[in-house]
Every structure is written in C-alpha cells, then in structure tokens.
Amino acid sequence: EDKVVQSPLSLVVHEGDTVTLNCSYEVTNFRSLLWYKQEKKAPTFLFMLTSSGIEKKSGRLSSILDKKELSSILNITATQTGDSAIYLCAVESGNTGKLIFGQGTTLQVKP
Amino acid sequence: ETGVTQSPTHLIKTRGQQVTLRCSSQSGHNTVSWYQQALGQGPQFIFQYYREEENGRGNFPPRFSGLQFPNYSSELNVNALELDDSALYLCASSLQASGTYEQYFGPGTRLTVT
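If you're matching them up, the sequences are chains A and B in order. This note's numbering numbers the first residue of the first sequence as 1 and each following residue consecutively. This note's numbering numbers the first residue of the second sequence as 1 and each following residue consecutively.
Bear in mind the hints are in silico, worked out from the structure with no lab data behind them. Treat the hints with caution; some may be incorrect.
[Stated by the list, open to error] Calculated pairs, SDA-like style, for lysine to any residue (alpha carbon to alpha carbon, straight line, at most 20 Å):
id, chain 1, residue 1, chain 2, residue 2
1, A, K57, B, R110
2, A, K41, B, A38
3, A, K41, B, I12
4, A, K41, B, R63
5, A, K37, B, L88
6, A, K3, A, M48
7, A, K56, A, K40
8, A, K40, A, G94
9, A, K37, B, A38
10, A, K3, B, E82
11, A, K40, B, G58
12, A, K3, B, G3
13, A, K3, B, P8
14, A, K57, B, Q41
15, A, K37, A, K68
16, A, K3, A, K57
17, A, K110, A, D83
18, A, K67, A, T50
19, A, K40, B, Q44
20, A, K37, B, I12
21, A, K67, A, D83
22, A, K40, B, R110
23, A, K40, B, T9
24, A, K3, B, G58
25, A, K37, A, E15
26, A, K56, B, P62
27, A, K41, B, S86
28, A, K40, B, Y101
29, A, K68, A, K110
30, A, K110, A, K3
31, A, K40, A, K68
32, A, K37, B, R51
33, A, K3, A, F30
34, A, K57, A, S71
35, A, K56, A, S71
36, A, K41, B, Q26
37, A, K37, B, G3
38, A, K41, B, L39
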C-alpha cells in the first residue's frame with residue numbers, strides 16, 4: 001500500500017533556529033513530490049520536486065529529493081514565528097494526479 | 001490566495017442527512033481533486049474530475065460522489081452522513097490531470113456531523 005511518512009510529527013524551536021523536516025515514501029509509479037504549508041485551512045504550495053538531487057529554494061526555505069533513498073527534506077533557516085504551521089509532504093502517484101499525503105509536521109516557532 | 005474558492009465555509013449536519021459541497025477552480029484549470037482531512041491527519045484523496053469525467057478515485061465508499069460542470073467548477077456530494085465524515089473537505093485545482101502540474105487548494109469546508 002502506498003504511504004508517505006513524515007518526521008518529526010511536531011517540533012518546537014526558537015526564532016533564528018534552522019529546522020529540517022523529513023519525508024519518506026513508498027509509492028508505486030512515482031511522479032513528483034510536493035511540499036505544502038498549512039496554517040489555518042488551505043495548504044499553500046511550496047515546492048514540487050521531480051528530479052533527484054536538485055535543490056529548490058525560495059527565500060529561507062529549500063528542499064531536495066533523493067529518489068534512491070525515497071525521501072525528501074525541507075529546510076527552513078533563520079526561522080520566524082510566521083513559519084509556525086503544519087508542513088505537509090505529498091507524493092503524486094500514477095497518471096491521475098492523486099496526491100498521497102503524510103501526516104504532517106507541526107512546527108511551532110517561539111519568539 | 002490561490003483563486004480556488006469553496007462554499008460553504010462551515011456546515012453542521014445530522015447523521016443520515018445528505019450534503020453538497022462546492023468548489024470553483026482557479027481560472028484556466030480544468031481539473032479538480034477532492035480531499036478529506038480529519039483532525040490531526042494529512043488530507044486523503046477522495047476523487048478527481050478532469051474535463052467533467054471522474055479520473056481516479058481513492059478508498060471512499062460510493063456514498064461519496066461528485067460532479068464537474070462545463071465551467072470546471074465541481075460538487076462533492078455525501079449521502080447518509082456518518083459521524084466519521086466530520087472533517088475538513090478540501091478541493092484542489094490544477095492545469096491538467098497529471099504530468100506534474102501543481103495542485104492549488106481552496107480554503108476548505110469544515111463539516112461537522114452530529
């Protein structure tokens with residue numbers, strides 16, 4: 001059965017810290033891996049990764065995919081209180097665009 | 001803001017009732033996917049509609065059904081509501097059904113079944 005596992009499930013850090021969130025997957029017919037940030041309701045798109053070893057960056061956030069290890073990491077440097085959210089990892093499986101989500105990592109950044 | 005809208009925002013229903021949730025996709029997108037997110041869990045895929053046809057379905061019973069209209073907006077219908085159907089229902093639109101197009105989510109409908 002296809003599955004996506006995220007770790008840790010929750011994390012508390014202080015402003016300025018750097019965090020690394022992990023995502024591993026076992027999915028048949030992998031197409032892409034996506035990261036989303038969910039604050040209140042709508043998950044907000046962060047990154048889509050399809051090729052192994054190529055880092056995607058947006059400001060203080062970056063992510064990389066390792067297809068050999070079937071995993072991805074999301075790094076956030078110099079964290080701010082506004083980074084507090086649930087971070088969701090999802091893998092697109094097959095040709096239907098079906099996204100399989102992990103449970104999410106709840107990040108709390110304290111001032 | 002993604003341009004994906006959902007209505008209503010909140011809904012309270014009684015067990016056994018039926019409910020219809022609505023989603024308007026982002027302009028130019030022809031694909032809508034629906035997800036159920038229980039408290040403390042990641043979203044679970046219900047089904048996807050591409051050009052008015054169902055294009056894939058997750059592990060949900062037939063009482064979960066949907067429609068997509070010519071303008072690519074979509075409805076999710078749930079019959080014979082059960083307490084476990086209480087969740088946040090999210091829709092996501094994308095430019096195409098697959099081929100690694102990003103899916104953009106709406107704000108969701110919070111359904112409570114009592």
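Here's how the hints hold up against the structure:
1. Restraint check: the Cα-Cα separation between K57 of chain A and R110 of chain B comes to about 33 Å, which exceeds 20 Å; the hinted pair is violated.
2. A hinted pair counts as satisfied when its Cα atoms are at most 20 Å apart, and K41 of chain A with A38 of chain B qualifies at roughly 12 Å.
3. Note on K41 of chain A and I12 of chain B: the hinted pairing holds, with a Cα-Cα distance of about 17 Å set against a maximum of 20 Å.
4. Taking the CA atoms of K41 of chain A and R63 of chain B, the gap is about 25 Å. The hint is violated against a cut of 20 Å.
5. In summary, the hint linking K37 of chain A to L88 of chain B is supported, as the alpha carbons are separated by about 16 Å, within the 20 Å threshold.
6. For the hint linking K3 of chain A to M48 of chain A, the alpha-carbon distance of about 18 Å falls within 20 Å, and the restraint holds.
7. Distance restraint check for K56 of chain A and K40 of chain A: the Cα-Cα separation of roughly 25 Å exceeds the 20 Å cut-off, and the hinted pair is therefore not satisfied.
8. Between the alpha carbons of K40 of chain A and G94 of chain A the distance comes to roughly 29 Å, so the proposed pair goes past 20 Å and is violated.
9. Annotation: proposed proximity of K37 of chain A to A38 of chain B holds, straight-line Cα distance about 17 Å (limit 20 Å).
10. Between K3 of chain A and E82 of chain B, the direct Cα distance comes to roughly 26 Å. Violation of the 20 Å bound is thereby established for this hinted pair.
11. Proximity of K40 of chain A to G58 of chain B is assessed by CA-CA distance (about 25 Å); at most 20 Å being required, the pair is judged violated.
12. Annotation: proposed proximity of K3 of chain A to G3 of chain B is violated, straight-line Cα distance about 30 Å (limit 20 Å).
13. For a cut-off of 20 Å, the pair hint linking K3 of chain A to P8 of chain B is broken: about 31 Å separates their Cα positions.
14. Pair hint K57 of chain A plus Q41 of chain B does not hold up; C-alpha atoms about 27 Å apart against a cutoff of 20 Å.
15. For the hint pairing K37 of chain A with K68 of chain A, the CA-to-CA distance comes to about 25 Å; that exceeds 20 Å, so the pair is violated.
16. Taking the CA atoms of K3 of chain A and K57 of chain A, the gap is about 26 Å. The hint is violated against a cut of 20 Å.
17. For the hint linking K110 of chain A to D83 of chain A, the alpha-carbon distance of about 10 Å falls within 20 Å, and the restraint holds.
18. About 9 Å separates the Cα atoms of K67 of chain A and T50 of chain A, which keeps this hinted pair within 20 Å; it holds.
19. Distance restraint check for K40 of chain A and Q44 of chain B: the Cα-Cα separation of roughly 17 Å lies within the 20 Å cut-off, and the hinted pair is therefore satisfied.
20. For the hint pairing K37 of chain A with I12 of chain B, the CA-to-CA distance comes to about 27 Å; that exceeds 20 Å, so the pair is violated.
21. Note on K67 of chain A and D83 of chain A: the hinted pairing is violated, with a Cα-Cα distance of about 27 Å set against a maximum of 20 Å.
22. Simply put, K40 of chain A and R110 of chain B have alpha-carbon atoms about 11 Å apart, close enough for the 20 Å limit, and the pair holds.
23. For the proposed pair K40 of chain A and T9 of chain B, the alpha carbon gap of about 12 Å is at most 20 Å, so the pair holds.
24. At roughly 13 Å between alpha-carbon atoms, K3 of chain A and G58 of chain B fall within 20 Å of each other, so this suggested pair holds.
25. For the suggested pair K37 of chain A and E15 of chain A, the alpha carbons sit about 18 Å apart, so the restraint of at most 20 Å is met.
26. For the proposed pair K56 of chain A and P62 of chain B, the alpha carbon gap of about 40 Å is over 20 Å, so the pair is violated.
27. A hinted pair counts as satisfied when its Cα atoms are at most 20 Å apart, and K41 of chain A with S86 of chain B qualifies at roughly 15 Å.
28. Proposed proximity of K40 of chain A and Y101 of chain B is contradicted: the alpha carbons are some 24 Å apart, above 20 Å.
29. With a CA separation close to 35 Å, the supplied pair K68 of chain A and K110 of chain A exceeds the 20 Å bound.
30. Restraint check for K110 of chain A and K3 of chain A: the C-alpha separation of about 31 Å exceeds 20 Å, so the hint is violated.
31. As the CA atoms of K40 of chain A and K68 of chain A are separated by approximately 34 Å, the hinted pair breaks the 20 Å bound.
32. Proposed proximity of K37 of chain A and R51 of chain B is contradicted: the alpha carbons are some 28 Å apart, above 20 Å.
33. A threshold of 20 Å between alpha carbons decides the hint, and for K3 of chain A with F30 of chain A the separation of about 11 Å falls inside it, so the pair holds.
34. Of the pairs offered as hints, the one joining K57 of chain A and S71 of chain A holds, with about 17 Å between alpha carbons and a cut-off of 20 Å not exceeded.
35. Simply put, K56 of chain A and S71 of chain A have alpha-carbon atoms about 15 Å apart, close enough for the 20 Å limit, and the pair holds.
36. With a CA separation close to 17 Å, the supplied pair K41 of chain A and Q26 of chain B stays within the 20 Å bound.
37. Of the pairs offered as hints, the one joining K37 of chain A and G3 of chain B holds, with about 17 Å between alpha carbons and a cut-off of 20 Å not exceeded.
38. Between the alpha carbons of K41 of chain A and L39 of chain B the distance comes to roughly 11 Å, so the proposed pair stays at or under 20 Å and holds.
When the structure is compared with the earlier hints, violations turn up for hints 1, 4, 7, 8, 10, 11, 12, 13, 14, 15, 16, 20, 21, 26, 28, 29, 30, 31 and 32 and for no others.
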